[in-house]
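So the sequence lines, in the order shown, correspond to chains P and B.
In terms of our numbering, the first sequence opens at residue 8 and continues consecutively.
In terms of our numbering, the second sequence opens at residue 149 and continues consecutively.
Hints are supplied without guarantee of correctness; some may be wrong.
Unchecked claim - Below are the DSS-like pairs computed for lysine-lysine, each with C-alpha atoms no more than 30 Å apart in a straight line:
1) Lys36(P) to Lys400(B)
2) Lys314(B) to Lys458(B)
3) Lys64(P) to Lys458(B)
Stated by the list, open to error - Label pairs and their calculated CB-CB ranges:
4) Asp408(B) to Arg49(P): 20 to 28 Å
5) Asp56(P) to Glu216(B): 31 to 39 Å
6) Val345(B) to Glu43(P): 42 to 50 Å
7) Trp17(P) to Glu216(B): 34 to 42 Å
8) Lys458(B) to Glu92(P): 40 to 48 Å
9) Ala431(B) to Pro83(P): 54 to 62 Å
Derived by calculation from the structure, the hints in this document are not laboratory data.
On a predicted model such as this, the values are computed, not experimentally measured, just so you know.
Backbone N, C-alpha and C fix where the C-beta goes; we use that ideal spot for every residue, glycine too.
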Amino acid sequence: MSMLGIPSHWRRRKERYRLIGSKCEACGKVFFPRREICPNCRRRGRVIDVELPGRGKVYSYTVIRVPSEGFEYYAPYIIAIVELENGVRVMSQIVDCNPEDVYIGMPVEVCFRRIFSQGDKGIISYGFKFKPLDDSWIRCYEEEAKISVSEMKV
Amino acid sequence: MEFPLYKKRDVAIVGVGTSKFGERWDKSLRELAWEAAVPAVEDAGIQGRDIQLVIFGNMSGGLFAGQEHVGALIADFLGLNPTPAIRVEAACASGGVALFQGYLAVASGLYDIVAVGGIEKMTDAPPDRATLALAGAMDSEWEAYFGATFPGLYALIAQRYMHEYKLSRETLAEVAVKNHYHGSMNPLAHFQFKTTVERVISSPLVADPLRRDDCCPISDGAACMILVPAEKARRYTDTPIYIKACTVASDKLALFEREDITTLRATIEASREAYRIAKLSPADIDVIEVHDCFTIAEIIALEDLGFVRKGDAGRLYEEGETYVGGRLPVNTDGGLKAGGHAVGATGVKQVIELVKQLRGEAEKGRQVSNAEYGLAQNVGGSGATVVVTIVGR
Ligand SMILES: [Zn+2]
């Protein structure tokens, strides 16, 4: 949450920058977020870090119209539960996508973005978001607007 | 999950009191506690000094009203010092877990007269602070961090449920329409006006597909009840209501980690255990209070509690069966939607409504005839804590 201090962001940088979860060496189950213990095997299983696949599908989504504190700038924005290729689910925002275009089952891929910034002088926190895997929207946009997205200053 | 409690004594409710719910700008936290506790004590025919233990549910006195240490404050303001007084917290299920704690205290034989309550003073906080406090009920590192809001989590549930079970937007709105109808007859309800499907589905979007009128309000309110051992209940009242079961179950805090988000596993677990302890089945229940913080929550609650098959709850609303007079009266006080949601108070307020129904004391038009058993379901966050209470005459 935006009001928390620097250590709360710093200690989560690995998971949020590289989508790191946990894997139980005993039963093979993968978890996100990271856990210290596998709920299935308990202390019989050793839990190790594992990087999760960066692609998946939208399991459910919503468009946040009334944002929480610190997210006013982004509203309306899409929040989704994404089911990754290995079946593990994560929650994040879907970006580069119009609110009316998202759907359950939409293929998405992970990207690295700013999550929020604490005003002019505070922390800027970065982490993963997801964007549509299909890039046909870019082609449609370019044809309609007669410009190249890659040349646009975003 | 096997309930390990060796139940030493049965427990009865002998006095109840609820404050008016709403935007209570004239009352502070301590005065709301007074407003609920005094009628509860008078209803039980006891004196304040008879109370041996005070347990109040309160989600976030600190963020909502700038006040922690709520247990001692309530005992102090009610003039009960040095009686032990404890505040318990489980987000929106704080009231339910307070009741659970009071139930344990009496059932175990440790205490004979326990005041159980719930309280929340929400409207002193600016709206964004209140939103922040409510966001504390979810996983702050992996849900709130990415900009999820509390309505947003239930919107994810609704979106998936509507996708899997083809529930229509209009049927979902019927939940709010029914609860407003019941609330219109409850003088303590936050909203006492009726509404229509058209009005609900044209209110502004908050988090698709949920609109403003799918969401319960932010309320101030308090509720209080007096618990005693069942064998002594007749000393206090001619109409004791017995706690047949009170159970709590937990689940993963983050919604996205749960296998199926169209169901609250903690509701299934807690209710299964409650039916077993009470030796009752869903068919025995005459009146139901469920945690309708959002319209979709009432739909899935009725399925998880075993009143209707998974995916079929919508039909109950299409056929009007959840109104007073219907086959399955739900949220006869207006629920959270119209009755109001003072988060820490809700779990206690729900059971007090069941007590009124079983005593035959509900207002005309919303009294279920001859109700013998009632069930309440109180949810914390997006379902990580669920309290189920069954009461009977
Ligand atoms: Zn394991």
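Given the hinted pair Lys36(P) and Lys400(B), is their alpha-carbon gap at most 30 Å?
Holds, at roughly 16 Å.
In this structure, is the beta-carbon distance linking Val345(B) and Glu43(P) contained in 42 to 50 Å?
Holds, at about 48 Å.
Looking only at beta-carbon atoms, does the pair Trp17(P), Glu216(B) fall within the given range of 34 to 42 Å?
Violated, since Trp17(P) and Glu216(B) (Cβ atoms, about 28 Å apart) do not stay within the stated range.
Do the alpha carbons of Lys64(P) and Lys458(B) lie within 30 Å of each other, as the hint requires?
Status holds; Cα separation ~25 Å.
Do Lys458(B) and Glu92(P) keep their Cβ atoms within the hinted range of 40 to 48 Å?
28 Å, violated
Return holds or violated for the Cβ distance of Asp408(B) and Arg49(P) against the range 20 to 28 Å.
With a Cβ separation near 23 Å, Asp408(B) and Arg49(P) satisfy 20 to 28 Å, so the hint holds.
I want to verify a distance hint. Is the separation of the beta carbons of Ala431(B) and Pro83(P) within 54 to 62 Å?
44 Å, violated
Quick check on a hinted range of 31 to 39 Å for Asp56(P) and Glu216(B), using CB atoms only.
37 Å, holds
Holds or violated: Lys314(B) with Lys458(B), Cα cutoff 30 Å?
12 Å, holds
Figure legend: structure checked against the earlier numbered hints; hints not met, in rising order: 7, 8, 9.
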